[in-house]
Structures are given as C-alpha cells and as structure tokens.
Amino acid sequence: KAGVTQTPRYLIKTRGQQVTLSCSPISGHRSVSWYQQTPGQGLQFLFEYFSETQRNKGNFPGRFSGRQFSNSRSEMNVSTLELGDSALYLCASSLEGTGINSPLHFGNGTRLTVT
Amino acid sequence: AQKITQTQPGMFVQEKEAVTLDCTYDTSDPSYGLFWYKQPSSGEMIFLIYQGSYDQQNATEGRYSLNFQKARKSANLVISASQLGDSAMYFCAMREGGIAAGNKLTFGGGTRVLVKP
Numbered sequence: 001k002a003g004v005t006q007t008p009r010y011l012i013k014t015r016g017q018q019v020t021l022s023c024s025p026i027s028g029h030r031s032v033s034w035y036q037q038t039p040g041q042g043l044q045f046l047f048e049y050f051s052e053t054q055r056n057k058g059n060f061p062g063r064f065s066g067r068q069f070s071n072s073r074s075e076m077n078v079s080t081l082e083l084g085d086s087a088l089y090l091c092a093s094s095l096e097g098t099g100i101n102s103p104l105h106f107g108n109g110t111r112l113t114v115t
Numbered sequence: 001a002q003k004i005t006q007t008q009p010g011m012f013v014q015e016k017e018a019v020t021l022d023c024t025y026d027t028s029d030p031s032y033g034l035f036w037y038k039q040p041s042s043g044e045m046i047f048l049i050y051q052g053s054y055d056q057q058n059a060t061e062g063r064y065s066l067n068f069q070k071a072r073k074s075a076n077l078v079i080s081a082s083q084l085g086d087s088a089m090y091f092c093a094m095r096e097g098g099i100a101a102g103n104k105l106t107f108g109g110g111t112r113v114l115v116k117p
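These protein sequence lines map, in sequence, to chains A and B.
Residues in the first sequence are numbered consecutively from 1, following the numbering used here.
Residues in the second sequence are numbered consecutively from 1, following the numbering used here.
Just chain A, same shape as in the assembly:
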C-alpha cells in the first residue's frame, strides 16, 4: 500500500508569490491534516480536512488555506509568501474520523524556501 505522497519535495519561491502544495493520502484514508515545522516554532497544526470539509484549523493567518477533493487528495495554498513561511510542510492522513487511537501517517514533506 502506497504511503502518503507529497509533491513537490522542494520549492523555492520569492516573497509575495503564492504556492500550492499537494498531498495524496493513503488509499482509504479520509482525514488529511497539514503541519508546519520550523526550527523556532516546532511542529504546528495548520488545518484538517475530513470528507472535503475543514474540520479544524490552527492559529495561522488567512494566507494559509486548503481544500480537499472527493478522492481525499488535499492541497494547501499560501498566498503572499513571507520569509517566515520557509518551513517543512508535512501532510498526514488517518483512517478514522475521530478515533483517538488512530495514528496519523505522515508524508515526506515539502520543504519550502522563501527568498
């Protein structure tokens, strides 16, 4: 069974541009979550989608948005990029809707560098 696939692996963008990251969950998983990882702030929750609906959102500005398609694939978009958006963006999928014992399975991440 294929794992969580994130594309692209690396991105270099300029301040003010926008970027779209893609995540394909494990087959059958309907929950997709996004996390930002930086050396200063650590791992922070961005948002979660379940059955095409945003179920939960972290404390990030509106420049960060996402969506989920009917096949559970998800995209996140960051508009008007800032230098501080440079980070590793991790996507995770989960089989269950709200089961606390269902582990999240992560992709390899997309490393975004904003110059």
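FYI, nobody ran anything at the bench for these hints, they're computed from the structure.
C-beta atoms are modelled at their ideal positions from N, C-alpha and C, and glycine is treated no differently.
Check each hint, because a few of them may be wrong.
A short, non-exhaustive set of chain A residues, derived as facing chain B with CB atoms under 10 Å [what the hints assert, rightly or not]:
1. Arg9
2. Ser31
3. Val32
4. Gln44
5. Phe45
6. Glu52
7. Asn56
8. Gly58
9. Phe60
10. Pro61
11. Phe64
12. Ala92
13. Gly109
14. Leu112
15. Thr113
16. Thr115
Some chain B residues close to chain A (C-beta under 10 Å, calculated; not the full set) [unchecked claim]:
17. Tyr37
18. Gln39
19. Ala71
20. Lys73
21. Ala93
22. Lys104
23. Gly110
Once you have looked at the hints, place chain B on chain A.
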C-alpha cells in the same frame, strides 16, 4: 500553556544500550491519546507507538515501549538495544478526544538522539 513538554533537547546513547525519552503532558480531557514519532534527517515522520488514556497496560511495539504514568501525566518512550539507525529526532504528541479535536496532534519540542557505535 504548553501541552506537551520534552525536557531533553538532545542525548547520546551507546549502541545496544537502552534509552528513555521523557514526555509530560497537560490536558483536562479524560479521553486522549499519546503518540511517539521518529523523524530521521530525511524529514518523514514515522509512527512508533500509541498509548490511550484508558489503556490499562503500557504499550509495547518491538524495541519500543511506553512508560505511561497517568497520575504524573508522563508518557516516556523507552528504546531498548539501541541501533545506529535509531539516531533521529523523537517527538511526543497528544490528541485529545472529542469530535472538535478531530485529528489534531499537539507536538512536543522533540529530543534528538545520537547513537554512538
């Protein structure tokens, strides 16, 4: 308030020895799950072990075991017989129960483990 605390930013361990990684948490939710993940330098997050708040026994998965002390709100990871491939960052994470929490994980700051040959 910080919900997950990992007090050891980094540690060395001799190959074949055991190592304990500390994790304390804070929640008022009686239903929660605790997870440990390993992140090698490649960046991927690898799920290691899970412990539920209502589980009576400590979780074990191969060389990984979780020392769960609910009253002290601690969930320490024990890696037995360390291998060179265990060198990585280790994160403790918590998911609180309830529909509102969904699949949101709160992570600790991580502990970097370096296994010496």
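How the hints compare with the structure:
1. With 10 Å as the threshold, the beta carbon of Arg9(A) comes within range of chain B, its nearest partner Cβ sitting at about 9 Å, so the hint holds.
2. Annotation: interface hint on Ser31(A) holds; nearest CB of chain B at approximately 5 Å, less than 10 Å.
3. Interface restraint check for Val32(A): the shortest CB-CB distance to chain B comes to about 9 Å, inside 10 Å, so the restraint holds.
4. Below 10 Å, beta-carbon pairs count as interface contacts, and Gln44(A) has one with chain B at about 8 Å; its hint therefore holds.
5. Among the interface hints, the one on Phe45(A) holds; its C-beta lies about 5 Å from the nearest C-beta in chain B, closer than the 10 Å criterion.
6. The interface hint given for Glu52(A) is violated, since its Cβ lies 14 Å from the closest Cβ of chain B, which is over the 10 Å cut-off.
7. For Asn56(A), the interface hint holds, the least distance from its beta-carbon to any beta-carbon of chain B being 4 Å, beneath 10 Å.
8. Taking 10 Å as the C-beta cut-off, the interface hint given for Gly58(A) holds, the closest approach to chain B being about 8 Å.
9. Checking Phe60(A) against chain B: minimum C-beta separation of about 13 Å lies over 10 Å; hint violated.
10. Here the hint on Pro61(A) is broken, as its CB sits about 18 Å from the closest CB of chain B, past 10 Å.
11. Annotation: interface hint on Phe64(A) violated; nearest CB of chain B at approximately 15 Å, more than 10 Å.
12. Interface hint at Ala92(A): satisfied, since its Cβ lies 7 Å from the closest Cβ of chain B, which is below the 10 Å cut-off.
13. Checking Gly109(A) against chain B: minimum C-beta separation of about 5 Å stays under 10 Å; hint holds.
14. Interface hint status for Leu112(A): violated, as the beta-carbon distance to the closest one in chain B is roughly 12 Å, over 10 Å.
15. Because the beta carbon of Thr113(A) sits about 14 Å from the nearest beta carbon in chain B, more than 10 Å, this interface hint is broken.
16. Here the hint on Thr115(A) is broken, as its CB sits about 20 Å from the closest CB of chain B, past 10 Å.
17. The interface hint given for Tyr37(B) is met, as the beta carbon of that residue sits about 8 Å from the closest beta carbon of chain A, less than 10 Å.
18. At about 9 Å, the closest approach between the beta carbon of Gln39(B) and any beta carbon in chain A falls short of 10 Å, and the interface hint on this residue holds.
19. At about 20 Å, the closest approach between the beta carbon of Ala71(B) and any beta carbon in chain A exceeds 10 Å, and the interface hint on this residue is violated.
20. Hint on Lys73(B) is violated. Least Cβ distance to chain A is approximately 16 Å, over the 10 Å limit.
21. With 10 Å as the threshold, the beta carbon of Ala93(B) comes within range of chain A, its nearest partner Cβ sitting at about 8 Å, so the hint holds.
22. Proximity of Lys104(B) to chain A holds as hinted, the smallest CB-CB distance being about 5 Å (cut-off 10 Å).
23. About 7 Å separates the beta-carbon of Gly110(B) from the nearest beta-carbon of chain A, less than 10 Å, and the hint is met.
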